[in-house]
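Engineer: Sequence:
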Amino acid sequence: IDIEIQLAYQKAMPERSLYYWAKMFSGQIESGKKYRELQRTICINILDFNLFETKNYHTNFGLRERKEGFLLTDKLQIDFLELKKAKKAASQGKTGKLLDWLRFIDSRSDNKEVLQMLAEKSEPMQKAVGVLLHLSEDEKERRRALQREMFLHDQAELRDEGREEGQKELIRKMNLSGISIPQIAKISGRSEEEIQKILK
45 IDIEIQLAYQ
55 KAMPERSLYY
65 WAKMFSGQIE
75 SGKKYRELQR
85 TICINILDFN
95 LFETKNYHTN
105 FGLRERKEGF
115 LLTDKLQIDF
125 LELKKAKKAA
135 SQGKTGKLLD
145 WLRFIDSRSD
155 NKEVLQMLAE
165 KSEPMQKAVG
175 VLLHLSEDEK
185 ERRRALQREM
195 FLHDQAELRD
205 EGREEGQKEL
215 IRKMNLSGIS
225 IPQIAKISGR
235 SEEEIQKILK
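Heads up: the sequence shown runs through residues 45 to 244, numbered per the working numbering.
Just so you know, these hints were derived from the structure itself, not from any lab. One thing to keep in mind: the hints can contain errors.
To be verified - Derived EDC-like pairs: lysine to aspartate or glutamate, alpha-carbon spacing no greater than 16 angstroms straight-line: (1) K212 / E236; (2) K132 / E97; (3) K131 / D144; (4) K128 / D150; (5) K131 / E109; (6) K119 / E81; (7) K244 / E209; (8) K119 / E109; (9) K67 / D92; (10) K67 / E48; (11) K212 / E238; (12) K119 / D46; (13) K244 / E213; (14) K55 / D92; (15) K241 / E209; (16) K132 / D118; (17) K128 / E81; (18) K128 / D144; (19) K132 / D150; (20) K132 / D92; (21) K241 / E208; (22) K128 / E109; (23) K138 / E97; (24) K55 / E97; (25) K171 / D144; (26) K131 / D92; (27) K241 / E213.
Since the model is a prediction, treat every value here as computed from it, not as a measurement.
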């Protein structure tokens with residue numbers, strides 16, 4: 045099974061999915077092996093855009109005879125799950141396990157109300173929501189730690205800048221008091237060139 049979540053619109057999504065399916069299917073068998081050893085291969089495409097002109101949020105494709113519709117083989121299955129249509133279906137009061145999972149995938153971790161409602165649907169959904177919220181809290185804590193670290197670095201930088209400006213002001217005052225540049229350089233531990241730049 046190959047599951048792909050596609051956020052950006054892809055006009056050639058059916059061909060792309062069929063290509064990945066073919067690579068997976070043909071990659072199962074080595075030279076000299078029997079065809080009946082090939083396993084059923086399923087590609088599931090979760091799309092954040094509308095691909096097909098149908099109201100159904102779940103479309104399922106296989107290999108069927110065109111006139112009578114009987115199945116050639118069950119080895120090929122390609123599914124498309126369209127999140128925007130699923131959201132619309134849910135807003136119209138439609139329900140179901142697949143729809144719940146699509147709402148979970150589509151929901152933002154900060155939408156606690158939707159996640160809480162989904163968690164009450166089943167035990168697997170409750171576990172999934174718990175994991176998502178835990179990961180979300182970890183991410184928030186990482187962001188807080190990074191912000192604290194950046195604040196401390198900024199404070200240290202400002203202190204250094206303050207000390208530097210204080211030293212420059214002292215050099216200017218020594219110069220105004222008549223102390224020579226070589227003497228200022230010796231007192232401050234800076235080169236005469238640096239002192240001259242500060243006094244410009």
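Engineer: Confirm or reject each hint.
Structural biologist: Cross-check of the supplied hints:
{"no.": "1", "hint": "K212 / E236", "in the structure": "holds (13 angstroms)"}
{"no.": "2", "hint": "K132 / E97", "in the structure": "holds (15 angstroms)"}
{"no.": "3", "hint": "K131 / D144", "in the structure": "holds (10 angstroms)"}
{"no.": "4", "hint": "K128 / D150", "in the structure": "holds (9 angstroms)"}
{"no.": "5", "hint": "K131 / E109", "in the structure": "violated (33 angstroms)"}
{"no.": "6", "hint": "K119 / E81", "in the structure": "holds (11 angstroms)"}
{"no.": "7", "hint": "K244 / E209", "in the structure": "holds (15 angstroms)"}
{"no.": "8", "hint": "K119 / E109", "in the structure": "holds (15 angstroms)"}
{"no.": "9", "hint": "K67 / D92", "in the structure": "violated (24 angstroms)"}
{"no.": "10", "hint": "K67 / E48", "in the structure": "holds (15 angstroms)"}
{"no.": "11", "hint": "K212 / E238", "in the structure": "holds (10 angstroms)"}
{"no.": "12", "hint": "K119 / D46", "in the structure": "holds (14 angstroms)"}
{"no.": "13", "hint": "K244 / E213", "in the structure": "holds (12 angstroms)"}
{"no.": "14", "hint": "K55 / D92", "in the structure": "holds (13 angstroms)"}
{"no.": "15", "hint": "K241 / E209", "in the structure": "holds (13 angstroms)"}
{"no.": "16", "hint": "K132 / D118", "in the structure": "violated (31 angstroms)"}
{"no.": "17", "hint": "K128 / E81", "in the structure": "violated (38 angstroms)"}
{"no.": "18", "hint": "K128 / D144", "in the structure": "holds (13 angstroms)"}
{"no.": "19", "hint": "K132 / D150", "in the structure": "holds (12 angstroms)"}
{"no.": "20", "hint": "K132 / D92", "in the structure": "holds (13 angstroms)"}
{"no.": "21", "hint": "K241 / E208", "in the structure": "holds (14 angstroms)"}
{"no.": "22", "hint": "K128 / E109", "in the structure": "violated (31 angstroms)"}
{"no.": "23", "hint": "K138 / E97", "in the structure": "violated (19 angstroms)"}
{"no.": "24", "hint": "K55 / E97", "in the structure": "holds (13 angstroms)"}
{"no.": "25", "hint": "K171 / D144", "in the structure": "holds (14 angstroms)"}
{"no.": "26", "hint": "K131 / D92", "in the structure": "holds (10 angstroms)"}
{"no.": "27", "hint": "K241 / E213", "in the structure": "holds (13 angstroms)"}
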